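Trainee: Residue numbers for the sequence shown follow this note's numbering, so the first one is 90 and each next one is one higher.
Do not rely on the hints blindly, as some may be mistaken.
Okay, derived cross-link-like pairs now, SDA-like style, lysine to any residue, Cα gap no bigger than 25 angstroms in a straight line [unchecked claim]: (1) Lys210 - Phe148; (2) Lys210 - His288; (3) Lys143 - Val131; (4) Lys210 - Asp230; (5) Lys143 - His155; (6) Lys143 - Arg197; (7) Lys210 - Ala261; (8) Lys143 - Arg217; (9) Lys210 - Leu243; (10) Lys96 - Arg119; (11) Lys210 - Val265; (12) Lys210 - Ile122; (13) Lys210 - Ala166; (14) Lys210 - Gly168; (15) Lys210 - Lys96; (16) Lys143 - Glu201.
Have a look at the derived ranges for each label pair, beta carbon to beta carbon [what the hints assert, rightly or not]: (17) Met134 - Thr271: 43 to 51 angstroms; (18) Ala128 - Ser274: 20 to 28 angstroms; (19) Ala166 - Ile257: 26 to 34 angstroms; (20) Lys96 - Gln204: 30 to 38 angstroms; (21) Gly286 - Glu114: 37 to 45 angstroms; (22) Arg97 - Ala290: 41 to 49 angstroms; (23) Arg119 - Glu151: 41 to 49 angstroms; (24) Ala205 - Arg150: 15 to 23 angstroms; (25) Arg214 - Arg97: 25 to 33 angstroms; (26) Gln204 - Ser274: 36 to 44 angstroms; (27) Leu239 - Ala128: 45 to 53 angstroms; (28) Thr169 - Glu201: 15 to 23 angstroms; (29) Gly116 - Met90: 29 to 37 angstroms.
Think of the hints as simulated: they come from the structure by calculation, not from any bench.
Keep in mind it's a predicted model, so treat the numbers as computed, not measured.
We treat Cβ as the ideally placed atom computed from N, Cα and C, and that holds for glycine.
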Amino acid sequence: MDRRTRKRMETRQAISDVATRLFMERGFDRVTIDEIADAADVGRMTVFNHFPRKEDMFFDREQEIHDLAFDAIRTRAPGTSPIQALRLLAHQMIEHRTDAFPLFTDTRRFVETAQASEALKARARQMRDDFVHALAGVLADGVGRAADDLDAHLAAGLIATTWSIAFIRAHAELSVTGNIATATSIFLGLIDRGLSGTHAAMDGTPF
Numbered sequence: 090m091d092r093r094t095r096k097r098m099e100t101r102q103a104i105s106d107v108a109t110r111l112f113m114e115r116g117f118d119r120v121t122i123d124e125i126a127d128a129a130d131v132g133r134m135t136v137f138n139h140f141p142r143k144e145d146m147f148f149d150r151e152q153e154i155h156d157l158a159f160d161a162i163r164t165r166a167p168g169t170s171p172i173q174a175l176r177l178l179a180h181q182m183i184e185h186r187t188d189a190f191p192l193f194t195d196t197r198r199f200v201e202t203a204q205a206s207e208a209l210k211a212r213a214r215q216m217r218d219d220f221v222h223a224l225a226g227v228l229a230d231g232v233g234r235a236a237d238d239l240d241a242h243l244a245a246g247l248i249a250t251t252w253s254i255a256f257i258r259a260h261a262e263l264s265v266t267g268n269i270a271t272a273t274s275i276f277l278g279l280i281d282r283g284l285s286g287t288h289a290a291m292d293g294t295p296f
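Use the sequences and the hints to build the structure in full.
Mentor: Here it is as structure tokens:
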């Protein structure tokens with residue numbers, strides 16, 4: 090990585106860190122782009138050069154999450170289906186926690202902030218649709234089918250719905266009780282049931 094690229098990435102991360110802090114402290118809708126720029130000590134246009142939309146600063150790790158899921162599919166062990174690979178990923182994220190994605194240990198405030206903003210909820214729905222489309226492409230490519238394969242799109246939709254419901258319901262429990270163990274149990278229970286159902290629905294396909 091050359092110096093220019095490194096500096097650009099450092100600036101982007103600094104803006105993201107400042108924006109995240111302000112969003113968590115005051116709520117997404119109460120923070121302006123100018124306030125973020127001032128707090129990060131950069132110009133308004135510099136912010137837009139890195140983040141075309143304000144929502145992108147909040148969901149700045151979305152591509153990393155996509156890559157994690159896609160990598161789990163592409164590097165799965167022989168004999169493991171893509172659906173099984175994503176079930177295993179859920180368990181690995183809980184059993185081997187990382188600083189990158191600390192599920193249910195450092196995501197409660199993030200989810201509460203997102204749910205308090207109509208703009209963020211709308212963006213989350215759009216990102217979910219984008220993820221389903223991209224996941225369908227990865228699933229289809231992995232078995233030599235066309236990107237618009239119907240089975241791949243059905244599988245991607247069922248997988249994304251399962252993960253979404255599991256994540257939201259687990260955080261709903263966490264918001265009420267603060268019990269991480271119970272939230273984790275709900276998350277993995279819904280993942281297992283949802284993806285088992287998805288696997289049954291996709292019987293007779295390569296997925």
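Trainee: Work down the list of hints and note, for each, if the structure agrees.
Mentor: Hint-by-hint comparison with the structure:
| no. | hint | verdict |
| --- | --- | --- |
| 1 | Lys210 - Phe148 | holds, 11 angstroms |
| 2 | Lys210 - His288 | violated, 29 angstroms |
| 3 | Lys143 - Val131 | holds, 15 angstroms |
| 4 | Lys210 - Asp230 | violated, 30 angstroms |
| 5 | Lys143 - His155 | holds, 20 angstroms |
| 6 | Lys143 - Arg197 | holds, 21 angstroms |
| 7 | Lys210 - Ala261 | holds, 15 angstroms |
| 8 | Lys143 - Arg217 | holds, 18 angstroms |
| 9 | Lys210 - Leu243 | holds, 23 angstroms |
| 10 | Lys96 - Arg119 | violated, 29 angstroms |
| 11 | Lys210 - Val265 | holds, 20 angstroms |
| 12 | Lys210 - Ile122 | holds, 19 angstroms |
| 13 | Lys210 - Ala166 | violated, 35 angstroms |
| 14 | Lys210 - Gly168 | violated, 37 angstroms |
| 15 | Lys210 - Lys96 | violated, 32 angstroms |
| 16 | Lys143 - Glu201 | holds, 18 angstroms |
| 17 | Met134 - Thr271: 43 to 51 angstroms | holds, 46 angstroms |
| 18 | Ala128 - Ser274: 20 to 28 angstroms | violated, 39 angstroms |
| 19 | Ala166 - Ile257: 26 to 34 angstroms | holds, 30 angstroms |
| 20 | Lys96 - Gln204: 30 to 38 angstroms | holds, 35 angstroms |
| 21 | Gly286 - Glu114: 37 to 45 angstroms | holds, 40 angstroms |
| 22 | Arg97 - Ala290: 41 to 49 angstroms | holds, 44 angstroms |
| 23 | Arg119 - Glu151: 41 to 49 angstroms | violated, 22 angstroms |
| 24 | Ala205 - Arg150: 15 to 23 angstroms | holds, 19 angstroms |
| 25 | Arg214 - Arg97: 25 to 33 angstroms | holds, 30 angstroms |
| 26 | Gln204 - Ser274: 36 to 44 angstroms | violated, 21 angstroms |
| 27 | Leu239 - Ala128: 45 to 53 angstroms | holds, 48 angstroms |
| 28 | Thr169 - Glu201: 15 to 23 angstroms | violated, 35 angstroms |
| 29 | Gly116 - Met90: 29 to 37 angstroms | holds, 35 angstroms |
Of the numbered hints stated above, those contradicted by the structure are hints 2, 4, 10, 13, 14, 15, 18, 23, 26 and 28, listed in ascending order.
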